[in-house]
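Q: Listed here are the chains, written in short residue letters.
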Amino acid sequence: MQMEPQLSWYLALSAILFTIGVAGVIIRRNVIAMFMCIELMLNAVNLTFVSFASFFQDVTGQLFVFIVMTVAAAEAAVGLGIIIAIFRNRESLDVDDANILKL
Amino acid sequence: MLALLFILFAALAVGCALAVVAQRNPLYSAISLIGVFISLACLYVMLAAPFIAAVQVIVYAGAIMVLVVFVIMLLNVEHEDSRRTRVGFLLPAALVLAAVLIAEVAFILVSVDKASFPSSSSSDIGSTASIGSQLFTTYLLPFEITSILLLMAIVGAMTLARRARELSPNARVIPGAQLLAANIIDPSKALDDTTAIETDTVAEAAHLLGITSPRDPSKRD
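Just so you know, the protein sequences line up as chains A and B, in that order. Under numbering that gives the first Met the number 0, the first sequence has 87 at position 88, and the numbering climbs by one with no breaks. Under numbering that gives the first Met the number 0, the second sequence has 61 at position 62, and the numbering climbs by one with no breaks.
For the record, the hints were derived by calculation from the structure and aren't laboratory data. Where a beta carbon is used, it is the ideal one built from N, C-alpha and C, also for glycine. Please note that the accuracy of each hint is not assured.
[As the list claims (entries may be wrong)] Simulated coverage check for chain B against chain A, where a stretch passes if three residues somewhere in it have a Cβ under 8 Å from a Cβ of chain A:
no.	region
1	8-17
2	25-38
3	45-58
4	64-73
5	99-111
6	149-159
[What the hints assert, rightly or not] Away from chain A, derived, C-beta distances all over 12 Å, residues of chain B:
no.	residue
7	Gly125
8	Ser187
9	Ile196
10	His206
11	Leu207
12	Leu208
[Unchecked claim] Derived CB-CB ranges, DEER-like:
no.	chain 1	residue 1	chain 2	residue 2	range
13	A	Ala97	B	Glu143	32 to 38 Å
14	B	Gly14	A	Val44	16 to 22 Å
15	A	Asp95	B	Pro117	47 to 53 Å
16	A	Asp93	B	Leu66	36 to 42 Å
17	B	Val44	A	Val44	15 to 21 Å
18	A	Val44	B	Leu207	45 to 51 Å
19	A	Leu100	B	Pro117	50 to 56 Å
20	A	Met2	B	Glu143	41 to 47 Å
21	A	Ala84	B	Leu26	20 to 26 Å
22	B	Leu208	A	Asp95	22 to 28 Å
23	B	Gly209	A	Val44	46 to 52 Å
24	B	Ala128	A	Val70	43 to 49 Å
The following block holds chain B by itself, in its conformation from the complex (with noise of 0.2 Å):
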């Protein structure tokens, strides 16, 4: 019974995981990798660690795929376009992969087949207090720490995703806009005139600066 159940998840977490791969279009790949998600804490539940479960969830399937979700639809990504495939480059990467993969399932296969899990009906292992007891005594540190890597996190991405520049409060914010000080678009304007020029596009910034774009598809290499 536990083996069909096993059988029934691992096939799904492979196939969405297939999936997440395969697809061009980033948010059938977020969806796809929230199966995979499901799958993996359906997984915890028969391992008998029912709090990494739910965490898994809640964090992985709720917060971190919202926040992808959102990047996706923020940025209105469209298919990945095919006009450069590097397959010849891939291939010799595809083989070794393979090879290392099946060197890696052979291995397990044959020096852990032995081993079968601890029948735990009475223990308390993986239950929300034992980890409660553990967090808070043991590894009290490295719980400190993540909070200060949480707090370098949040001061990170804002920063990162912050203008450079104040914004007025009924400005437009377009993705991949530009803003530019009007000193650099007409060196003879005075360098405390903070007007700001708004464009839409890298291009459109690029042709009032009067430099080609580097983006130029013409001559990429």
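Chain A on its own, in the form it takes in the complex (with noise of 0.2 Å):
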């Protein structure tokens, strides 16, 4: 009997990517690999949206993915200006030297 990919297995791989992501943001403490675990979480998502699009055999969750994308890239532009102006002032990656605000 072949056994087809289920809709079960893509979820449970976009929580586990998701899970991945999270953990990542919580232990790393350079920015640049913060910001990665942050695409990465991002990318399961979008993984969730395209597996329902082809379930329910409808095209919104593949726009939605489109938008996700475009955000990303915006994000992404933004987020590497933060990095190299935190990186100028403090010579550091480190987001715990990063706590002039911290109380």
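Starting from the two chains in their separate frames, assemble the complex, guided by the hints.
A: The structure is reproduced here in structure tokens:
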């Protein structure tokens, strides 16, 4: 009997990828690595969108993925600009060093 | 056959994602992240979404990761130093995350197990034509808002990455370097003397200004 991939497989993979991304944001202290973990979480959500779009035979989910990718590109540009500004002022990419707003 | 392909690409994605978190060098993390993006693009092809797969490779693996690698190279990041480990604080967070993941996956596998994909041999869902026609009719407003968002991102990124002072054309640009106006360092100089004094590091600038560096490691709590 041929096994076909089911919807739950894709959803489980998406959950695993998202959790790895969350763990990365918590564990890593390098701000660029945290940025990449956020991209990983966005991609996990995109996988959910595409699986449901394919499951319900509806193109709306894929359009949402398209919009999410645009937002991710804008986020990359602004986020890396902020990273460069932090590095210029603090000479460090460690998020623990950017604590000047902390009480 | 499809199940084997799914297992292959899912294992590749999870392995590369773990490598993103585990690598200490950000450049290796970036290359592992490209692996995640490529394997997700393969999964999108299996889900009958070829346009999204192509955009994933072009935009994510192409544009965004080139930007990230460019910044890593520009800032010359070295290995993350492991002097301050916060394992005591992280252990409960990790346990909570693991519990959430197990609950999530168990719920998915129990409740959605019966669902399998409809046979999509004849549908045109996911083709470029159907996505384009929906994007320019039903979802025209989000599309236009996206254009404004991209404009704001361009302006914001330029404002953030720009230096505060005008530079002469032959000035050296060093990441982390500071430019100070002359009258800050020597108040006896006239206010309209706009000569810039360049230092290479924050510590040097602080020394010139006669203050201790805010990043003095001995004062860290």
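Q: Does each hint hold? Answer for all of them.
A: Outcome of the hint check:
1. Under the rule that three or more residues need a Cβ within less than 8 Å of chain A, the assignment of the region 8-17 of chain B holds, with 5 such residues.
2. Only when three residues or more bring their CB closer than 8 Å to a CB of chain A does the claim for the region 25-38 of chain B stand; here the count is 6, and the claim holds.
3. Counting residues of the region 45-58 of chain B whose CB lies closer than 8 Å to any CB of chain A gives 9, so the stated coverage by that chain holds, three being the minimum.
4. Counting residues of the region 64-73 of chain B whose C-beta lies closer than 8 Å to any C-beta of chain A gives 5; at least three are required, and the coverage claim holds.
5. Requiring three or more residues with a Cβ within less than 8 Å of a Cβ of chain A, the coverage given for the region 99-111 of chain B holds, as 7 such residues are present.
6. Coverage of the region 149-159 of chain B by chain A holds in this model, with 9 residues showing a Cβ closer than 8 Å to a Cβ of that chain against a need of three.
7. In this structure Gly125(B) is not separated from chain A by more than 12 Å, as the shortest Cβ-Cβ distance comes to only about 6 Å.
8. At roughly 27 Å from the closest C-beta of chain A, the C-beta of Ser187(B) stays outside 12 Å, upholding its exclusion from the interface.
9. Look at Ile196(B): its CB is around 16 Å from the nearest CB on chain A, clear of 12 Å, so calling it non-interface holds up.
10. Distance check for His206(B) against chain A: the nearest CB is about 14 Å away, which clears 12 Å, and the non-interface claim stands.
11. A cut-off of 12 Å between C-beta atoms confirms that Leu207(B) is not in contact with chain A; the least separation is 16 Å.
12. Separation of Leu208(B) from chain A is adequate, the least Cβ-Cβ distance of about 14 Å exceeding the 12 Å criterion.
13. The beta-carbon spacing between Ala97(A) and Glu143(B), approximately 35 Å, falls within the hinted interval of 32 to 38 Å.
14. For Gly14(B) paired with Val44(A), a C-beta distance near 20 Å keeps the hint of 16 to 22 Å intact.
15. Checked against the hint of 47 to 53 Å, the pair Asp95(A) and Pro117(B) passes, with Cβ atoms roughly 50 Å apart.
16. Under the hint 36 to 42 Å, the C-beta atoms of Asp93(A) and Leu66(B), about 21 Å apart, miss the expected range.
17. Under the hint 15 to 21 Å, the C-beta atoms of Val44(B) and Val44(A), about 19 Å apart, fit the expected range.
18. Distance hint check for Val44(A) and Leu207(B): the Cβ-Cβ separation is about 48 Å, which falls inside the suggested range of 45 to 51 Å.
19. Restraint check, Leu100(A) to Pro117(B): a C-beta distance of roughly 51 Å satisfies the suggested window 50 to 56 Å.
20. As the Cβ distance of Met2(A) to Glu143(B) is approximately 44 Å, the hint placing it in 41 to 47 Å holds.
21. Remark: the range hint 20 to 26 Å for Ala84(A) to Leu26(B) is upheld by a beta-carbon distance near 21 Å.
22. For Leu208(B) paired with Asp95(A), a C-beta distance near 24 Å keeps the hint of 22 to 28 Å intact.
23. Roughly 51 Å separates the CB atoms of Gly209(B) and Val44(A), a value that falls within the hinted 46 to 52 Å.
24. Distance hint check: the CB atoms of Ala128(B) and Val70(A) are about 24 Å apart, inconsistent with the given range 43 to 49 Å.
Of the hints listed earlier, those the structure fails to meet are numbers 7, 16, 24, in rising order.
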